[in-house]
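K.L.:
Taken in sequence, the protein lines are chains A and B. Each residue of the first sequence is one higher than the one before, starting from 0 at the first, in numbering that gives the first Met the number 0. Each residue of the second sequence is one higher than the one before, starting from 0 at the first, in numbering that gives the first Met the number 0.
Straight-line alpha carbon distances no greater than 20 Å define the calculated EDC-like cross-link-like pairs of lysine to aspartate or glutamate that follow: (1) Lys285(A) <-> Asp295(B); (2) Lys46(A) <-> Asp58(A); (3) Lys337(B) <-> Glu283(A).
Examples of chain B residues toward chain A, derived with CB under 7 Å: (4) Leu169; (5) His289; (6) Ile331.
Since the hints were made in silico from the structure, they are not lab data. Just so you know, even glycine gets a beta-carbon here, dropped at the ideal spot from N, CA and C.
Protein chains: 2
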Amino acid sequence: MSADQVTDIINNPIRVGILGFGGLGQAAARVLAPKSEMLLVAAADQKGYAYNPAGLNRDRCVTTYQSQGSLGYLESEGILSDRSIAELITKADKVEGYFLALPNLPNTFMASVAQQFINSGWRGVLVDAIKRTSAIEQLLAMKNELQAAGITYMTGCGATPGLLTAAAALAAQSYAEIHSVKITFGVGIANWEAYRATIREDIAHLPGYTVEKAQSMTDAEVEALLDRTDGLLKLENMEHADDIMLEIAGICGRDRVTVGGIVDTRNPKKPLSTNVQITGRTFEGKISTHTFTLGDETSMAANVCGPAFGYLKAGVNLHRRGIYGLFTAAEIMPQFVK
Amino acid sequence: MSADQVTDIINNPIRVGILGFGGLGQAAARVLAPKSEMLLVAAADQKGYAYNPAGLNRDRCVTTYQSQGSLGYLESEGILSDRSIAELITKADKVEGYFLALPNLPNTFMASVAQQFINSGWRGVLVDAIKRTSAIEQLLAMKNELQAAGITYMTGCGATPGLLTAAAALAAQSYAEIHSVKITFGVGIANWEAYRATIREDIAHLPGYTVEKAQSMTDAEVEALLDRTDGLLKLENMEHADDIMLEIAGICGRDRVTVGGIVDTRNPKKPLSTNVQITGRTFEGKISTHTFTLGDETSMAANVCGPAFGYLKAGVNLHRRGIYGLFTAAEIMPQFVK
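Same shape as in the complex, but just chain A:
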């Protein structure tokens, strides 16, 4: 991007929307608040939405959502609706890009949202921080449709998949062949109830659980499960889209990518430092491992929302050049949002 384009963005902030206003959506709004290059103008939850092309006030959005349960109650800007996403898409004609901060429950939900965007005739950038391989496969099947609709869809653009997948793609450059990509994450949250949907997505990865079973658990049932594990969720060989993303980028077969981690639901300190290890063979025949390690003080929200908006900015640059379709975090360099 040229200096002129940077100046252009600063003078004309990218108008963005956030779909989903749980823990992740609220954190995303907080990430955006101090930025001059992006302006939050639209947000939706299950029961309503709010739109103001001059910008939404983040604190009012959070207060209203937390006290009344929906952005639809936001004074003057909120509208209650059981078709909140569809209505917002149609109404919010100034939005250049959306961060889909939605839990992908059921597992076809994100693809159905993408379909709503296609059907609406809206053109712009969509970014998700989706986790499951099978969810990205659904979006892959829609690639040509997204391209024809003039939508630049950036998928798997959170922390993992996302930041760590991109680090793996970058690290692969030193090698002639990649033998393994091993992602190990540590997540510490003081209070799981602030991330109800995310925790249920994690539980769905445990042996004996499915997405449906996890989704149908009451808070009391989640609490009982966590009591039995001292608040820890140990996850191994998770279905994580890092695998398909690295395969699509031509880096290695998906069978060489493994994702696991430990989530501590009762401690904000991470039980281990999140990292990705990329092992391969160099052109001289040496076997070696590059490692990318996240600082423990960076939260899940920082590592998901930062990249999501970085990829949104990169997506807007692609979109402005007329480049549409489906892209993953392993293919595009995210851009820093000031």
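Using the hints, position chain B against chain A.
P.N.:
Same frame as chain A, now just chain B:
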């Protein structure tokens, strides 16, 4: 990139050239040899060049260069010339991209090569692994000219700047503000005489030396210097283009980027693990540090040449979409070359 585009590249390998055939150029030829997506068709040194649109044999090139001192002696394909680069550019009309594996001595040399490409009317992708900030500043001044000429120039695309700069750009995504980017490299080479030009570039960074002074040193003088330091070159606060590249990408001011390292010229084992530490403040106000560490078994050649061709492939994709101008390793995701 779509699966169709990938198939297209496999069936029609990208025809590439290498300018400069010292240690780095020869390693680059070796990196390319097993790849199906790229084909080495052109190479030049100071005294001559070789071109074969059906592909050059890497072993013959290396043997000829090492035994006779120039690719110009290559049987049937070689031509001796004291205008080797200019002649090759004009003659090698099938080359889509060049890796400029040239020592940037004098410090204006790379920019003068770029100017030769512009003047020749050649259109395609150029990649350098240039080190100095001031050298990239010269190329920046040529940005519009490169764009008008239909050249996609990828600068600073080796290891550092290059791979580590890109890792810093990626890591920055977790933060609202970047406080420091600290690159520390360890290089171990068994025999410095295989990298005569590179070692002189390193010496130029030492206190009391300049590019001109280092360039004019005889091998005996270099040897005497290394005898005094037990073969170690300790480099601090080096003028390294990582700083301007991260500044252009909007990540942080160049004063927040530092580069230093230790080069052991008598031991292939690295004196320390090359790494980049990115420290910043998250949106919640936490200070933290992400770290990207290269495996010790990866050589300088692997960490420079791999990224160089990864950025060349990414550059070819930009070029095919009609996107020209100057880009750095911090802005574009390199693509894996199979």
